[in-house]
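With the hints as extra help, turn the sequences into a complete structure.
The letter at position 112 of the sequence shown is residue 1352 when you use our numbering, and the numbering goes up by one with no holes.
None of these hints come from the bench; they were simulated from the model. Ideal Cβ positions, reconstructed from N, Cα and C, are used throughout, including at glycine. Don't take each hint at face value.
[Unchecked claim] Simulated pairs of lysine-lysine, PhoX-like, Cα-Cα distance not exceeding 20 angstroms:
hint, residue 1, residue 2
1, Lys1298, Lys1331
2, Lys1316, Lys1298
3, Lys1306, Lys1324
4, Lys1345, Lys1374
5, Lys1324, Lys1343
6, Lys1363, Lys1345
7, Lys1370, Lys1324
8, Lys1343, Lys1371
9, Lys1402, Lys1363
10, Lys1331, Lys1306
11, Lys1306, Lys1316
12, Lys1333, Lys1306
13, Lys1271, Lys1316
14, Lys1316, Lys1331
15, Lys1268, Lys1316
16, Lys1333, Lys1374
[Stated by the list, open to error] Now the in silico label distances, taken between C-beta atoms and shown as ranges:
hint, residue 1, residue 2, range
17, Leu1338, Asn1273, 27 to 33 angstroms
18, Phe1300, Ile1382, 20 to 26 angstroms
19, Lys1371, Lys1333, 30 to 36 angstroms
20, Arg1243, Gln1326, 52 to 58 angstroms
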Amino acid sequence: IKRKMNRFVMTNLLFVLMFSVTQCFSQKTVKYNYILNKEANIDNPYIGMELEFSTIRKYFSDTEFKESRLFTGSNKDFITYTIKDQVWYYKDKHSWCLFFDCKNKNGGRIHLLGNDYQIVVDKEIILREKKIYKITLQPIDITILHQPSYFFDPNVGVVIFKAASGILLIRS
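This is how it looks when you write it as structure tokens:
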């Protein structure tokens, strides 16, 4: 009886341990599509993120995740974010840096694709009774004539992308 009891306890303990490890390492993955908000009258084909694109978000928890493409330009490159009381941080090598503080309307600095940018709040907008913020990435050491805008919801991130051409893409 003692041997059967030990085997039963060990089997259950092993099952619980395997379940716990699986839960710790499983990530919820969500694909967000940014699509045209209306029919576009476009004769020339566009390259890149002008017409439609998608991002991949892999969650570590409800407030920590990594996301591809939106600021990296590739679904192979990710930026890791964490959110604390509507303040967004991104991971730069081994430390957390300010991305966007929604309460104080303050953006941080970020290094993307070989250049440094200041995240700037252009304006606050009320959309369907929710505050969203129009932000831009202002280059620090270079000049860009036309740049995209991002409409940022403090709880979920970028919900609208406005390309440099003026085309609006909505996250579905």
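Here is what the structure says about each hint:
Only pairs whose Cα atoms come within 20 angstroms are accepted, and Lys1298 paired with Lys1331 is accepted, the gap being roughly 14 angstroms. Proximity of Lys1316 to Lys1298 is assessed by CA-CA distance (about 12 angstroms); at most 20 angstroms being required, the pair is judged to hold. Note on Lys1306 and Lys1324: the hinted pairing holds, with a Cα-Cα distance of about 15 angstroms set against a maximum of 20 angstroms. Restraint check: the Cα-Cα separation between Lys1345 and Lys1374 comes to about 10 angstroms, which is no more than 20 angstroms; the hinted pair holds.
The straight-line distance between the Cα atoms of Lys1324 and Lys1343 is roughly 11 angstroms, inside the 20 angstroms bound, and the hint therefore holds. Simply put, Lys1363 and Lys1345 have alpha-carbon atoms about 9 angstroms apart, close enough for the 20 angstroms limit, and the pair holds. Between the alpha carbons of Lys1370 and Lys1324 the distance comes to roughly 19 angstroms, so the proposed pair stays at or under 20 angstroms and holds. Restraint check: the Cα-Cα separation between Lys1343 and Lys1371 comes to about 11 angstroms, which is no more than 20 angstroms; the hinted pair holds.
The straight-line distance between the Cα atoms of Lys1402 and Lys1363 is roughly 14 angstroms, inside the 20 angstroms bound, and the hint therefore holds. With a CA separation close to 9 angstroms, the supplied pair Lys1331 and Lys1306 stays within the 20 angstroms bound. Among the hinted pairs, Lys1306 with Lys1316 is consistent with the structure: their alpha-carbon atoms are about 11 angstroms apart, no more than 20 angstroms. A hinted pair counts as satisfied when its Cα atoms are at most 20 angstroms apart, and Lys1333 with Lys1306 qualifies at roughly 13 angstroms.
Annotation: proposed proximity of Lys1271 to Lys1316 holds, straight-line Cα distance about 13 angstroms (limit 20 angstroms). Taking the CA atoms of Lys1316 and Lys1331, the gap is about 17 angstroms. The hint holds against a cut of 20 angstroms. Between Lys1268 and Lys1316, the direct Cα distance comes to roughly 17 angstroms. Compliance with the 20 angstroms bound is thereby established for this hinted pair. This hinted pair does not check out: Lys1333 and Lys1374 have alpha carbons roughly 27 angstroms apart, beyond 20 angstroms.
One distance hint, 27 to 33 angstroms for the beta-carbon pair Leu1338 and Asn1273, holds here, with the actual separation near 28 angstroms. A hinted range of 20 to 26 angstroms is violated for the C-beta pair Phe1300 and Ile1382, which are about 33 angstroms apart. Taking the beta carbon of each, Lys1371 and Lys1333 are about 32 angstroms apart, inside 30 to 36 angstroms as hinted. Distance hint check: the CB atoms of Arg1243 and Gln1326 are about 57 angstroms apart, consistent with the given range 52 to 58 angstroms.
Of the numbered hints listed earlier, those contradicted by the structure are 16 and 18.
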